[in-house]
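Protein chains in written order, with our numbering: chain A, 1 to 268; chain B, 1 to 313; chain C, 1 to 283.
A couple of the hints might just be wrong.
Stated by the list, open to error - Looking from chain C toward chain B, a few residues come up when the C-beta cut is under 8 Å (computed):
hint, residue
1, Arg4
2, Arg5
3, Ala14
4, Ala18
5, Gln37
6, Ser83
7, Val87
8, Leu95
9, Thr131
10, His137
11, Ala151
12, Val264
13, Val273
Read the hints as simulated data drawn from the structure, not as lab findings.
Predicted, not measured: the structure shown is a model, and the values here were computed from it.
Here a beta-carbon is modelled for each residue, glycine too, at the ideal position from N, C-alpha and C.
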Amino acid sequence: MTQAAKAASDHAFQLCEVSVHFAELVALDGVSLTIERGEKVGFVGPSGAGKTTLLRLLNASQRADQGRLLVLGQALHEVDGPSLKRVRSGIGFIPQRFHLIPSLRVLHNVLMGRLGQQGFWASLRSLLFPSAAEQVAVHDVLARVGLAEKLFAKTDHLSGGQQQRVAIARALYQSPQALLADEPVASVDPTRARATMELLTRLAEEGELTLGVSLHDQALARSFLPRLVGIREGRIFKDAPTEAWTDADFEELYQLGELSPLEDGYRN
Amino acid sequence: MSEHSTQLEAVAELRRARPRDRFLRVGLSCFALLLAASWFTGEFGIREFDWERRWANCERFLSRVVPFPMQEHPEASFAEKLGLAGGWLLDRWRESGAEAFRYTLGLSVVAIVFAGVASLVSLPLASRRLATASPLVPPHRELPAWQRWLWRLIGQGCRFLLVLARSVPEYMIAFFLVVALGFNAWPAVLALAIHNAGILGRLGSELVDNMPSAVPVSQRSLGAGRWQIYAFGAVPSLFSRFLIFFFYRWETCVRDATVLGMLGIPTLGYYLLEARAKDHLDEMLFFVALGSVTVLIGDLLSAFVRWRLERTS
Amino acid sequence: MGSRRMVLLLIGVAGFLAAWLIQLEPTQLFGKAQWHQLGVFFQAALSPALTYEDGAVVPEGLFLMEIAEALYKTLIYTAAAISLSLVGGLVFGFLGSAKAWLSLAAPGHVWGRALSAIALTGHFFVRTVMTVLRSVHEIVWAILFLQALGAENLAAVFAIAIPYSATLGKVFSELIDEAPRAAAGALRDNGASPVQVYVFGLLPAVIPDLLAYLLYRFECGLRSAAVLGFFGAPTLGSYLSLSWGERHYHEVWAYLYALLALIVAFDFWSGAVRRRLTVGLES
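Here chain A stands alone, though its shape is the one from the complex (with noise of 0.2 Å):
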């Protein structure tokens, strides 16, 4: 995170002409966009329109079919198993579901952040016997999301607000270059959708992170984001600065249309 490795290259996500197939269904199609480091995206769209298909790419979890994908710098085609470990690991993503271990203690959970820079052995001594040093990290890192006083709570004793911001919390205890948030605020009440995305962007901020974020709400992405690239049936609908949308962009986007019947996200 250095100037000079900001320098070596300047793009957090480059997408040329991306495709991916499942089975039949297109779930994107010929998709082309750059993200800048530091930048702070929305991709809105209709649900099942290949939002949770894009961030899975751009977290190196879901291969391409067609075209050419760098993420954080590293072309993901010719990438061998140790640096794609490394590209993972160097981004920090929320799945909508927060996918914790309940049976747990919050600190577990949020040390398994760093499996992917440890070894085996070094991971399986971290998760049983915590040092110090490691247990104030933990606690530091829940601060900043508000909950350091649940550092040993059992994590399935939690409310769903709560886990949210355990899994956000695993996600910056990996020290990432990105975080990458799917639908954080589908399904929960307005005040506490404002109060995750206001979360989200200030940690962004702090840690001088490139954030991408899934979302439904219009309102919330236009409060909160400052670039907003619609999709619409697999393709890029608009990419552009919030201001540069307007609220016939909006109407057009999600006008119902012939949907793709693909679920988006995680077979949960």
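Got chain A; can you put chains B and C on it based on the hints?
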């Protein structure tokens, strides 16, 4: 540095206050300790283990479990040996294998049917929800104390009887019963039935206690008695899940039926011990293998039926 | 309703058919002179022995120590067998559940691909081995060991541990295969290797269930170990059969009560543990 130490302090404070279950920690630590300590009791020391003699025993054993005709004709070619072994197997099967196989399976079926009936009858009396003075809904008027106490006694007593029934090893029950009933199927049938009724009764009463209460409560408020609720509310809705348990226990019944023969009841275990007494080790291994096959057949049948039930329920 | 009646009818018919097959007749239950002996035996239930029944021969007062010893041996043999089975069960469970972590192997990861290949070939082999080991009863294993090695304390432990390992392995692998994969998937997306995903993403979620089942098998193990006393192991069964042979029925009942007390006490304790383990998951 001072900031760091205050953070350490804060973490240590949180750590002290962390939620923990003393009962679980102490109990499970003792359990783990027991597992580890068992190896240091000197009971299983291999210091005095006579490797040479053991190995000789083992070699002798391995040479004698080969089918007898193959032992007699060491000069025969491989194909001939296969033929000899095949003929020998067929003889064993005709001589006593088929009979033992039939008897073992039959015995297990009778036993599990008895166990199923017994547990279905005892179940409502052991259920925490049904075996109360006023099942499912609070009483309209104050019930006499003796009624409440009677039902508590019945419930607790029945649950305890079920615990006892499943705690006694079935082999010991059969061991005692053989004296009175002789070397027929009854001791084994009764032993398996008692043990499995205890287990099925527990599993079943857990089903009744965990089932959604809407239907039985509405039946109750329509004036249905506890047996009516049980027969027309609980049994139909839990039927297929109970059947899954029933077939799962049948599997273990087959397995246990094979060894109960060692008490003199003509299941596979009986023939196994007989062959051992005659020092026909090849024949002994035949019955071990046949027992294994019998259990596998039971497993497959039961797995098939449970799969069908899970699909339909 | 129709299909339920049909199933009940089928089971009933199977029961009668099986009863006919094994020549089970109610008359065999009655009119036996031996009922008298069983009556004597059951009368003894009311007054279990606290001292040796032939006190004249054996010094008094030591009988309670003997009971304690019988229980101690049973407990030790069970503990040894279960600790072996836990190790075996984890290995079997890991190999048997290979499918679960096949799906988690990172795409393009060299390790992942190599492990997948091994796992696929090993998977069915391990399942088959487990089934066969499980299908032989622990008493039969004990007899085989007795025959092959001669009398040996360790043989009784192995006799229990072999089928129990296979049973634990089967249950463990099913638990792991059915565990929620989402958390594991998230770890993989954060860059964890397949082994890390398996150990940290899948195993922690199944530990409570795994532990609950281990406790249940321990209870079964107590019964198995006690019974193996009839077949040469120095556990409670051997004490009991000695007393039985001498027709010291009061002593037999004392052993029986002691065994029941041990098993019932363990049952209550493990029930409480199980409840606490699962409560944490639900709330």
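Here's how the hints hold up against the structure:
| no. | hint | in the structure |
| --- | --- | --- |
| 1 | Arg4 | holds, 6 Å |
| 2 | Arg5 | violated, 10 Å |
| 3 | Ala14 | holds, 6 Å |
| 4 | Ala18 | holds, 4 Å |
| 5 | Gln37 | holds, 6 Å |
| 6 | Ser83 | holds, 4 Å |
| 7 | Val87 | violated, 10 Å |
| 8 | Leu95 | violated, 20 Å |
| 9 | Thr131 | holds, 7 Å |
| 10 | His137 | holds, 5 Å |
| 11 | Ala151 | violated, 11 Å |
| 12 | Val264 | holds, 6 Å |
| 13 | Val273 | holds, 6 Å |
In this structure, the earlier hints numbered 2, 7, 8 and 11 are contradicted, and the remaining ones agree with it.
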